[in-house]
Structures are given as structure tokens and as C-alpha cells.
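4 protein chains.
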Amino acid sequence: MHKNPSSKMNVAVVGGSGYSGLELQRLLNKHPHVASVTAFNSQTTANMKVSDYQVVFLATPAEVSMELVPAILKEGSKVIDLSGAFRLSQGDVLENYKTWYAMDHKAQNFLLEAHYGLVPWNNAKKEVSLIANPGCYATAVLMGLLPLLSLGLIDEKSIVIDAKSGATGAGKKASESMLFCEVEGECLPYKIGEHQHLPEIQQYAQSLGGQEIDPFFATSLLNTRRGIIAGIYANLNPQKNAQDVANAFKEFYAHYPLVEVAEEITREMVSLKAVVGTAKTRIAYKIVGTKIYLYSSIDNLLKGAASQAVENFNLMNQFPITTVLDHLETMV
Amino acid sequence: MHKNPSSKMNVAVVGGSGYSGLELQRLLNKHPHVASVTAFNSQTTANMKVSDYQVVFLATPAEVSMELVPAILKEGSKVIDLSGAFRLSQGDVLENYKTWYAMDHKAQNFLLEAHYGLVPWNNAKKEVSLIANPGCYATAVLMGLLPLLSLGLIDEKSIVIDAKSGATGAGKKASESMLFCEVEGECLPYKIGEHQHLPEIQQYAQSLGGQEIDPFFATSLLNTRRGIIAGIYANLNPQKNAQDVANAFKEFYAHYPLVEVAEEITREMVSLKAVVGTAKTRIAYKIVGTKIYLYSSIDNLLKGAASQAVENFNLMNQFPITTVLDHLETMV
Amino acid sequence: MHKNPSSKMNVAVVGGSGYSGLELQRLLNKHPHVASVTAFNSQTTANMKVSDYQVVFLATPAEVSMELVPAILKEGSKVIDLSGAFRLSQGDVLENYKTWYAMDHKAQNFLLEAHYGLVPWNNAKKEVSLIANPGCYATAVLMGLLPLLSLGLIDEKSIVIDAKSGATGAGKKASESMLFCEVEGECLPYKIGEHQHLPEIQQYAQSLGGQEIDPFFATSLLNTRRGIIAGIYANLNPQKNAQDVANAFKEFYAHYPLVEVAEEITREMVSLKAVVGTAKTRIAYKIVGTKIYLYSSIDNLLKGAASQAVENFNLMNQFPITTVLDHLETMV
Amino acid sequence: MHKNPSSKMNVAVVGGSGYSGLELQRLLNKHPHVASVTAFNSQTTANMKVSDYQVVFLATPAEVSMELVPAILKEGSKVIDLSGAFRLSQGDVLENYKTWYAMDHKAQNFLLEAHYGLVPWNNAKKEVSLIANPGCYATAVLMGLLPLLSLGLIDEKSIVIDAKSGATGAGKKASESMLFCEVEGECLPYKIGEHQHLPEIQQYAQSLGGQEIDPFFATSLLNTRRGIIAGIYANLNPQKNAQDVANAFKEFYAHYPLVEVAEEITREMVSLKAVVGTAKTRIAYKIVGTKIYLYSSIDNLLKGAASQAVENFNLMNQFPITTVLDHLETMV
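In order, the protein sequences belong to chains C, R, Y and A. Heads up, the first sequence is in the working numbering, so the first residue is 38 and it goes up one at a time. Heads up, the second sequence is in the working numbering, so the first residue is 38 and it goes up one at a time. Heads up, the third sequence is in the working numbering, so the first residue is 38 and it goes up one at a time. Heads up, the fourth sequence is in the working numbering, so the first residue is 38 and it goes up one at a time.
Since the hints were made in silico from the structure, they are not lab data. This structure is a prediction, so every number in the text was calculated from the model and none was measured. Any given hint might turn out to be false.
Repeated chains share a single entry, so a pair holds when one copy, or any two copies, can fit it.
Simulated crosslink set (SDA-like; lysine to any residue; CA at most 25 Å straight-line) [stated by the list, open to error]: (1) Lys323 / Asp251; (2) Lys67 / Gly314; (3) Lys143 / Leu365; (4) Lys310 / Phe286; (5) Lys323 / Asp89; (6) Lys328 / Asn274; (7) Lys162 / Ser244; (8) Lys328 / Gly247.
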């Protein structure tokens with residue numbers, strides 16, 4: 038089979054049996070510009086004829102993505118990679134990957150070529166061929182933090198992030214620590230100060246928000262399936278106030294339909310159930326004196342993975358950004 | 038070290054890192070007649086000097102118990118086996134183990150020697166050296182069913198059992214199907230009509246209750262950690278009534294302190310939280326016309342495993358049956 | 038405002054803030070033939086100008102439905118009532134409502150007029166003006182039971198039903214017994230043998246399945262939000278076998294797209310997560326000797342309430358039965 | 038009845054049907070120096086003959102405690118109050134109670150008399166007659182924070198607290214917002230920056246730790262029954278290091294058996310299940326550069342309420358501090 042001559046595209050999803058991969062297929066199968074979605078897993082990628090697919094989505098571990106990306110790009114197909122393999126490109130990247138991902142980077146030539154697809158902060162152009170889809174925690178955090186950093190509203194030395202994630206974030210691989218009986222009843226801090234999304238947040242706080250930051254970054258595992266809620270705490274800079282904050286969010290998100298911002302913290306605005314199943318980011322904040330308490334919530338498998346990958350697919354192909362995503366909705 | 042000359046005993050727990058093994062150690066460590074509890078796992082049993090322990094508790098898979106029991110008995114120590122390895126002794130036992138446990142029995146000579154330790158229905162005497170501690174579902178079911186069967190109160194052809202268990206029943210081994218995200222939100226029927234506790238229930242319904250039965254037996258996995266609730270449904274025999282049922286439970290459990298029976302189904306009496314953490318069995322029933330609806334609840338890790346093993350240990354050593362068990366209590 | 042002259046309809050939902058009412062609005066808001074959805078609650082129905090709405094959905098308690106139905110029908114609008122108010126029409130209905138619903142029926146004249154909307158067993162015709170939308174448990178049970186009863190495949194005296202429901206079934210009203218801390222960790226039998234869906238199941242087993250039955254009917258509350266799984270246990274009649282059962286389901290559901298039937302019990306086919314969020318019924322069964330173990334699963338808020346109401350709305354208006362329902366899907 | 042002449046005491050628990058009250062009775066019923074425990078609720082306190090009880094425990098709302106305390110003290114009995122009624126005694130207390138508890142204080146004369154019973158930081162002497170038992174969040178936070186503040190190890194301007202609590206913290210009162218279906222699947226921030234335990238933390242940081250602080254204080258509701266885990270984030274002061282921190286915890290907790298401190302964050306040390314059911318505080322921390330990430334975990338109903346009340350009872354009566362508490366243990 039050759040590339041589809043019509044406007045509809047053939048795409049592949051590698052790692053299609055994981056939680057993100059399943060959600061990705063669910064979205065792509067309904068996409069009006071997608072003709073077919075073919076799923077592969079690590080055992081079957083050898084059978085994938087890359088040139089059949091205009092775009093290959095990788096919902097694979099970072100080490101698998103590193104191996105597959107060079108081969109796929111060489112065949113002329115585009116890649117949207119949901120792993121962390123191509124997100125860190127500043128500083129000593131080899132050292133970075135060893136430190137944060139505990140592995141040697143096998144495809145470092147492609148790091149600078151990769152486009153970090155944080156939508157709407159870094160929208161991909163048509164000519165982009167490799168997209169590093171942002172990490173789930175990094176997405177939730179940056180969506181809340183970048184407006185504040187970009188306009189210098191907060192003391193960048195005061196930032197503390199305490200983010201909690203549903204257990205699908207850990208993937209579907211059998212492990213004793215993720216058994217039902219080990220997770221139920223818990224709210225478990227893990228990888229404290231050493232989560233691989235910390236350098237990702239730092240790199241893009243700088244490149245997209247213009248600020249070097251070195252925040253506290255604490256991550257906890259919730260006994261729920263889906264959803265991330267990131268608490269972001271910081272001090273406002275002198276002379277900055279609630280109006281500046283409100284304006285910042287209005288300015289940056291005026292034309293982005295997949296975000297909702299509230300100037301107060303209501304239950305509805307910080308409910309995980311209210312973002313789970315949707316492609317949205319919800320941000321709610323409260324200012325007490327000079328302190329800002331901000332919560333940014335997403336579905337870790339959608340805006341934190343699959344739906345943001347589709348946003349990138351849409352941008353890359355100049356489809357409206359919310360194509361197939363605007364019908365998503367939450368359930369009671 | 039030789040056997041403890043004092044009244045305090047040295048015991049071993051093999052399989053001490055599993056859920057039942059941990060609970061067992063917790064109880065034995067507080068037992069007033071236990072001097073020491075030594076835990077072994079499958080990697081370390083080679084180091085176990087059997088003769089050091091008056092009693093060895095096996096909280097191991099059936100195949101491991103089959104291997105260990107002959108060696109331990111040979112050394113003169115007693116065994117309380119929490120696995121299913123020595124519970125089925127009627128009929129073609131080799132065939133039975135192949136059918137229900139999917140394995141060849143490697144120690145069939147010991148099957149008839151094993152004492153099935155369902156307390157208070159089959160209390161072990163001092164001279165017993167091998168106790169087959171009953172299965173969790175079988176315990177919950179038989180505790181509710183035997184009084185009815187023993188006095189011929191119900192139509193033995195009409196029995197339907199729908200039993201639900203917390204996820205600790207599946208053990209602590211890593212598996213994809215027991216991941217938090219796979220169990221949460223579910224109530225999953227499994228091994229329908231083919232659970233290995235069915236022949237166990239049948240054998241002891243006959244030998245302890247005097248009735249051959251061939252019940253429906255459905256088992257489901259709950260998204261909770263601990264507790265079994267077995268729904269038992271049957272038709273009363275002609276001329277049998279509520280008073281007969283009440284009398285049956287009074288008669289059989291008059292001298293057994295670890296059971297509570299209610300002649301109505303109240304929330305308190307069918308709450309899993311109200312048995313979890315205790316050594317008790319709770320039975321509540323309701324008769325509508327000729328139908329009896331009966332619920333029998335236990336903590337699957339205690340009466341369904343560790344605390345019944347301690348009851349057997351107490352009986353075997355002529356300690357009061359509730360030693361170390363009567364202080365157990367539930368939490369709000 | 039007068040009735041919409043175009044093909045699009047204006048509808049009202051009374052009781053729109055409850056769980057079923059919210060789901061119903063979510064579906065109707067996307068319905069291609071619905072122009073507007075107006076929500077009312079018990080405080081605001083006085084403001085409802087009934088004649089503005091071609092159809093009024095009542096997601097109200099039975100006592101409220103009894104009061105509203107006569108007034109709405111008098112105004113010429115049609116009603117789809119999700120409560121139990123108009124489901125029992127056989128025998129001494131006044132007595133029935135007192136026994137099962139603990140209330141006097143205030144609109145008994147409408148009981149015979151009401152059409153019991155179990156789809157696809159009793160599809161509404163265009164001229165129907167009052168639909169009694171079936172109860173959640175009754176739907177799950179009848180969908181599994183009717184094919185067996187209709188063809189005389191099972192011994193009608195042997196039927197035992199053990200059905201479990203997520204907690205949304207109890208509604209959104211504040212109560213101590215439904216607090217998170219009271220439900221979590223439980224699988225709570227309630228209304229044993231006296232649930233109001235029992236006479237509903239009996240009436241329609243007879244009128245739609247041609248059999249008088251008097252089954253065991255046990256209901257339990259699960260510590261999960263959504264989904265019902267009904268275990269149905271019965272003996273096959275002599276000479277009836279697996280093939281007969283398979284044929285029965287094929288025959289009755291050949292043209293109904295919203296059901297899936299499996300001749301074996303796989304995890305996927307009995308997973309609540311796999312029906313939650315969809316309008317589907319999933320049926321899986323296994324025959325062991327002469328025993329049939331059957332599981333019927335639905336989303337209690339959808340096929341058990343809102344989506345079946347939409348099926349009835351579609352039938353009543355001669356829209357394709359799956360309109361707005363076929364896009365519903367489950368999430369990992 | 039007059040006061041018990043023997044060494045055993047008669048005590049009363051008011052508010053005995055709430056979660057804390059039930060746990061408190063469970064502990065007191067086993068207390069070797071307690072002769073009898075009599076429970077009252079708000080409807081039955083009129084029947085309480087105060088002089089019959091050497092100590093009255095109040096597990097009541099603050100407004101009820103304010104009413105009962107003067108009367109009880111007048112009768113010569115001692116009070117251990119688990120509410121917040123007598124915890125804030127600095128500054129404009131009337132204003133404080135209006136701001137944080139939304140009520141007028143009706144017994145302000147007793148505020149200075151009340152002893153804040155944070156054990157082991159402020160152990161009650163024999164002559165104390167009114168103990169304000171600390172709040173659950175305040176206890177978890179102060180146990181982790183006071184060693185650091187007392188020795189000036191952290192920058193008091195940098196403190197951020199993100200604390201999460203199980204749902205029993207909200208009590209047993211019926212409310213829509215605490216229904217199972219509203220809490221399940223969530224991790225809900227609430228009372229952000231305005232929780233009444235914030236001024237409590239501030240007052241005792243100063244009086245017991247010698248530092249004025251104005252921390253970020255965020256509280257979230259977990260979808261679990263029991264347990265609090267407080268994340269405490271701060272910058273170390275210049276020249277302070279890991280050794281200083283380790284020494285601080287060793288110094289302050291050397292003689293207190295109900296705390297465990299780890300110099301690394303392991304899963305075991307931050308597991309809620311590992312503190313639930315016990316009277317212990319668990320503290321684990323990690324230092325990354327100059328940042329300290331510290332987690333302090335307790336059972337909100339025990340160390341956060343009932344068991345700390347028993348510690349105070351023990352101190353007040355010069356019993357060993359862990360009387361009846363050292364046998365508490367966790368379950369798998």
C-alpha cells in the first residue's frame with residue numbers, strides 16, 4: 038500500500054495496548070481526517086511497513102522510541118512520540134538522560150530536531166517531522182505556570198509544586214508495587230525531587246516562559262485511575278496583584294478553547310472527575326496576601342498524553358486544533 | 038538449638054512475605070505461648086532447620102506445600118498448611134488435583150493423614166500433626182451452610198452461592214490483571230463454576246454436614262482489600278421454618294465465641310468493615326416465604342487464613358481457642 | 038413559545054440535577070433532533086410551561102412523577118418517566134405500590150396507559166404518550182432472562198438473581214448511609230428479597246417472557262460509582278443445551294445493536310468499566326452440566342436510566358434507535 | 038455514684054457516635070486504668086451527671102464544647118476536648134474564632150486555662166484540668182516542623198505545606214458533598230489558605246518552636262477513609278545540612294516512642310496504611326541541595342484525635358504515655 042492520495046491519512050500507533058495507546062486509538066478512530074489506524078506493539082513493530090503511514094505515534098517506553106524514531110524518519114513518515122525520549126535538549130543531554138531516565142541516549146542527533154509539542158505554547162508548524170509530546174506532569178504544571186512566569190508575576194525562587202496523579206500514569210505493566218492492594222488507601226509520594234519531568238519543566242519554563250526556575254517538585258500516586266492535579270504555590274512579585282494574574286491567563290489563553298480558568302477555587306474547578314475524559318486543562322487559583330495557590334488539572338491520559346498528541350497531529354496537518362477533541366465530555 | 042523445653046514454643050512461618058503470612062506473623066508474635074516466630078520465604082527455606090520449630094506454618098502456594106510437608110513431618114515438627122494442597126481427600130484425589138488445581142499431587146500419601154481444620158466443625162486433637170487450614174471461600178460458605186445441612190433444613194438441590202472477595206485473596210504476586218487500574222471500579226466474576234473451593238465445600242458438606250450437595254458456586258473479585266461476603270440462597274424444606282433455622286445456629290454455635298448470628302439482615306451484620314481485622318464470622322439471614330437468603334462474612338486473611346490457622350494451633354496445643362484472637366477488633 | 042414547527046424538538050428534563058438527570062441532559066444536548074433541552078428541578082417545575090415541550094422527561098422520585106404526569110399529559114405533551122411510578126400495572130396495583138414503594142398511588146388511572154419501555158422487548162409505537170422507563174436492576178435482569186424464559190430453556194423455579202450496583206444508583210441526596218466513609222470498602226446487601234424491582238421483574242417476565250417466576254432477588258451496593266452486574270443462576274430444562282441458549286440470544290437480539298452476548302465468561306465481558314459510559318448491555322454466560330451462570334452488565338445511569346430513556350424517545354419519534362447513543366464509548 | 042475510690046477511673050465520652058468518638062471509646066475500653074466508659078451524644082448530655090466522671094472527653098463540634106466545658110470544670114471533673122474550641126489563645130481570640138471558626142467564642146475565659154496537648158512537645162502536668170487536644174492537620178504538621186524550627190534549620194519564610202486527609206476527617210454527618218459518589222475518584226483541595234488549623238499551626242510554631250511563620254497551607258480531601266500525609270517543603274538555612282536535620286529529630290524524639298523518623302523517603306515510610314490503626318507519627322524526609330522535602334503521616338482519627346487524647350489522659354494521670362497505645366498495630 039502506498040500513501041493515501043486522498044485527504045484522509047493512514048496512521049500507526051506503536052504501543053497500542055498500553056493505557057495511553059488505547060486512548061490514542063480511540064481518538065484517532067473517530068478522527069475525520071484519519072482513514073485508518075493500525076496498532077503495533079513491541080513484538081510486532083518488525084512487521085510495520087513505515088512508509089504506509091503518514092504519521093506514526095509512539096506510545097512506547099523512551100528506550101523503544103529512541104530506537105524507532107531514526108528508522109521512521111528515514112522512511113519519510115512523521116513521528117509523534119509520547120515518551121520522554123526527545124524532550125530534553127538543553128545542556129549536556131547525554132548526562133541528562135543518564136541522570137533522569139537512567140539510560141544512554143541512542144539517538145541524540147534527533148534531540149534538536151524534535152519539537153516540544155506543548156499546546157498552545159509551542160504549536161507545531163506543518164514542516165515539523167518529530168514531535169516530543171509533553172509529559173503528563175509537565176503539561177499540567179507548565180499550563181499553570183507559564184502565564185505567571187512569562188509576565189514576571191511570581192518570585193521564581195519561591196515555587197513549590199505538589200502534583201498528584203492517578204495510577205494509570207504508571208502504565209499497565211505488571212508490578213507488585215502497583216497491585217490493587219498496594220495502591221488502594223494510599224496517597225504515595227515517589228521520586229521526590231528526582232522525577233524526570235522536573236528537568237522538562239525547567240527547560241520549558243526557560244524557553245517558553247523566559248525564566249530559569251529551580252522549583253520544589255513533589256509527585257504522589259493517588260488511589261484513583263485517572264487525572265492529575267498539580268498544586269502550584271508561589272509568592273507574587275512586589276506590585277503584582279490579582280488583576281495581573283487574571284489578565285495573564287486571559288492574554289495567553291484567549292484563543293485556546295481547551296482550557297478553563299477560574300479566579301477562585303471551587304470544588305467543580307478542582308474536581309478530577311470534571312477533567313477526566315476530556316482534553317481540557319482546568320486552572321483555578323486563589324490569592325491570599327502575596328501568596329498564590331494555583332491548581333492545574335488534566336486527564337493524564339488525554340491532555341497529558343493522547344489528546345495532546347492529537348492536538349499536535351492536528352497542528353502538523355493544519356486541521357482545527359480541537360478536531361475530534363471538542364466532543365469529549367466528562368461523566369457524573 | 039533444640040526444642041524449647043519451656044511452655045513457650047518456637048514456630049516458623051514459610052511464605053511470610055505474602056498477605057496471609059504477614060497477618061499470621063502479626064498474630065503469632067503476640068501469642069502468649071509462642072517464644073519466637075521465624076519467617077522464611079521460598080528462597081530461604083533451604084536454611085530452615087526444621088527440628089528447631091515445634092510447628093511450621095505454610096503460607097505457601099499448594100505446589101510448595103506439597104514439597105515441604107513430607108520433609109517437615111519427617112523431622113517430627115507439626116504443620117499447619119494454609120494452602121489447598123491437603124484439603125481434598127475424597128474420590129480420585131489425583132484426578133481432583135489435576136482438575137481443580139491444575140497440578141499433579143506430589144504427596145498424596147499425606148492426604149488422608151491431613152486434618153481439615155474448620156473450627157468449630159472439626160476441631161483438631163492434640164495428636165494431629167498435619168492440618169489443612171480451610172480455604173477462605175470454603176470457610177465463609179461452610180460456616181453458614183453446615184448448620185442448615187446438618188439438620189436437613191434446606192433443599193440441598195436448591196443451593197446457590199454467590200461469594201465476593203477482597204483483592205488480597207489473589208495474593209501479592211505481580212500480575213497485570215491485579216493492577217490497581219484493572220481492579221478499581223470492578224466487581225469481577227472469575228473461575229465461575231470452576232473455583233477450587235467448590236470441591237472443598239462439597240467434600241466437607243458431606244463429611245461434616247452429612248449432605249451431598251452440588252451447588253452453584255460463583256466467585257467475584259471486589260475492588261476492596263479485605264473481606265469475603267458469601268451470599269447463600271436456598272429453599273427451606275417443607276415444614277421447616279424460621280424457628281428451626283434460629284435453633285440450628287444456636288445449637289451449633291452455642292459454645293463458639295468467634296461467630297455472631299443475626300436473624301435479620303442489618304447493615305451492621307453484613308458490613309465487611311465490621312469483620313475485617315477480626316477473627317469472627319458474621320452470619321445474617323432472612324426468610325421470605327420458603328426462601329432463605331443468608332450472608333456469611335469473614336476477613337479472608339484472618340478467619341479465611343491466618344486466624345483460623347491460629348485457632349488450629351491453639352487446639353493442637355490445648356490452649357483456649359481464642360488465645361490471641363479475642364483482642365482483635367475492627368476500626369471505623 | 039409554541040411547539041417547534043421544524044423537525045427539531047424542544048424537550049424538558051425534570052429532576053435535572055440528579056445523576057440520571059445529568060446524564061440524560063448530556064445525551065439530549067447532542068441529539069440531532071433536539072432543538073433545546075430545558076432542565077427543571079422540584080423547586081422550579083411550577084415555572085414549566087408544559088406545552089412548550091413536545092416531550093418531558095421525568096428523572097424524579099416516584100411520588101413526584103405521580104403528581105406531574107397527569108398534568109403534563111393533559112397539556113398534550115408526552116412523558117418519559119424514569120421513576121418507578123408507572124411500572125407496576127398487574128394485580129392489585131394500589132396494594133403493590135404500598136408494599137413495594139411504601140406509598141399510595143395518586144395517579145392509578147394512568148397505569149394501564151403507561152408503556153413499559155424495555156428496549157428491544159417492548160418497543161414503543163408512535164402513539165404512545167407515557168413511557169415508564171424500566172428500572173436499572175430490572176433492565177439488567179430482564180435483558181439476560183427474557184430470551185431464556187421465552188423459549189422455556191430454564192426451570193423457572195430455580196432462578197436466583199444476585200445483582201450488584203454502583204452507588205450512583207442511590208441518587209445524590211445527602212444521607213449518612215451513603216457517605217464515602219460508610220460505603221468505601223463494602224459490598225453491602227440491602228432490601229434483600231424486598232427490592233421494588235422484584236415485582237417489576239416478575240410482571241414483565243410474565244408479560245414479555247411468558248413465564249410466571251418467583252426468583253430469589255438479592256441486591257448489593259458496590260463501592261464504585263457506576264455499573265450494574267446481575268448474576269443470574271438457573272437450571273436448564275431437560276433436553277435443553279448450550280446450543281439452544283446460544284440460539285435464543287441470537288434470535289432475540291439479532292437486530293438490536295446495543296447488546297453484546299458471549300458464550301463464555303471472559304473478564305472483558307463482565308467488566309463494569311467496559312459498559313460504564315455506554316448504552317450497551319453485555320451478557321456473558323457459562324453452562325456447567327445443567328447449570329447456567331449468566332452475567333448481565335449495564336451502566337445503571339445509561340441503559341439503566343438515561344440512554345434507555347433516549348431509546349424510548351427515539352422509538353416514540355421514529356428516529357433510528359441508536360441515535361446519539363452509538364457514539365458513546367468506554368474509557369480505559 | 039461517687040468518684041471511684043480505687044485506682045481505676047470512670048470516664049465519659051461526649052460525641053461518642055462520631056468517628057473520633059468511636060475510636061476513643063475503643064481505646065478507653067481497653068485502658069487498664071479505666072473502670073468504665075460512658076458515652077453521650079448531644080441529645081443525652083442533659084442526663085450526664087458530671088461528677089460521676091473523673092475525666093470527660095469531648096468529641097463534639099467546637100460550639101458544643103464551648104458550652105459544655107465551663108459546666109464540667111465547675112463540677113470538678115477534668116476535660117479533654119478534641120474540638121478546636123480552646124486551641125487559639127493568642128492575639129485577638131474573639132476575632133480569631135470569628136475568622137477561622139465562623140462563630141463567637143462563648144467561653145473565652147477558659148482559653149488561657151486550656152493546655153494545648155501536643156505530645157511530646159507540650160506534655161500536660163497533673164494539675165491541668167482542661168486540655169485542648171490538637172487538630173489532626175496541626176498535629177501532623179507540627180510533629181514534622183517543630184524540630185526544624187526549634188533549631189533554626191529552615192528559612193521560616195519558605196515553608197509550604199500541602200496536606201492530604203482521608204474522608205473520616207469530615208465527620209459522619211450527612212452531606213451531599215461527602216457522598217461516596219462525590220468523593221470517589223477525587224483528590225479535592227478545600228479551604229485553601231483558610232483552614233482553621235493554619236492559625237493553630239502558627240500559634241504553636243511560635244510558642245513551641247520559637248518561630249513566627251506564615252506558611253502556605255493547602256489541604257486536600259482524599260478518596261480514602263483514614264490517614265493524613267502532610268508534605269512540608271522548605272529551604273534549609275545557610276550552613277545547615279542533612280546532619281543537622283538528623284540530629285534535630287534525634288534530639289527531640291529520643292525519648293518519645295510513638296514516632297518513627299527516616300532520613301530517606303521510602304514507600305514504607307510514607308504509606309498511609311502503615312500508620313492507619315496506630316498511634317504513631319511517621320516522618321520521612323529527603324534533602325536535595327538546600328531543599329528539604331518532608332512527609333509527616335498520622336492516622337487522623339488516632340494521633341490526630343483519639344490516641345493523642347489518650348496520651349493526654351495518660352500524662353494527666355501520670356500513667357506511662359503509651360498505655361493502651363503500644364499494642365495498636367496496622368494491617369496489610
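Hints and how they fare:
| no. | hint | result |
| --- | --- | --- |
| 1 | Lys323 / Asp251 | both (23 Å within a copy, 16 Å between copies) |
| 2 | Lys67 / Gly314 | both (15 Å within a copy, 17 Å between copies) |
| 3 | Lys143 / Leu365 | neither (37 Å within a copy, 42 Å between copies) |
| 4 | Lys310 / Phe286 | within (23 Å within a copy, 36 Å between copies) |
| 5 | Lys323 / Asp89 | neither (50 Å within a copy, 42 Å between copies) |
| 6 | Lys328 / Asn274 | both (10 Å within a copy, 21 Å between copies) |
| 7 | Lys162 / Ser244 | within (17 Å within a copy, 59 Å between copies) |
| 8 | Lys328 / Gly247 | both (21 Å within a copy, 23 Å between copies) |
Against the hints set out earlier in the document, violations occur for numbers 3 and 5.
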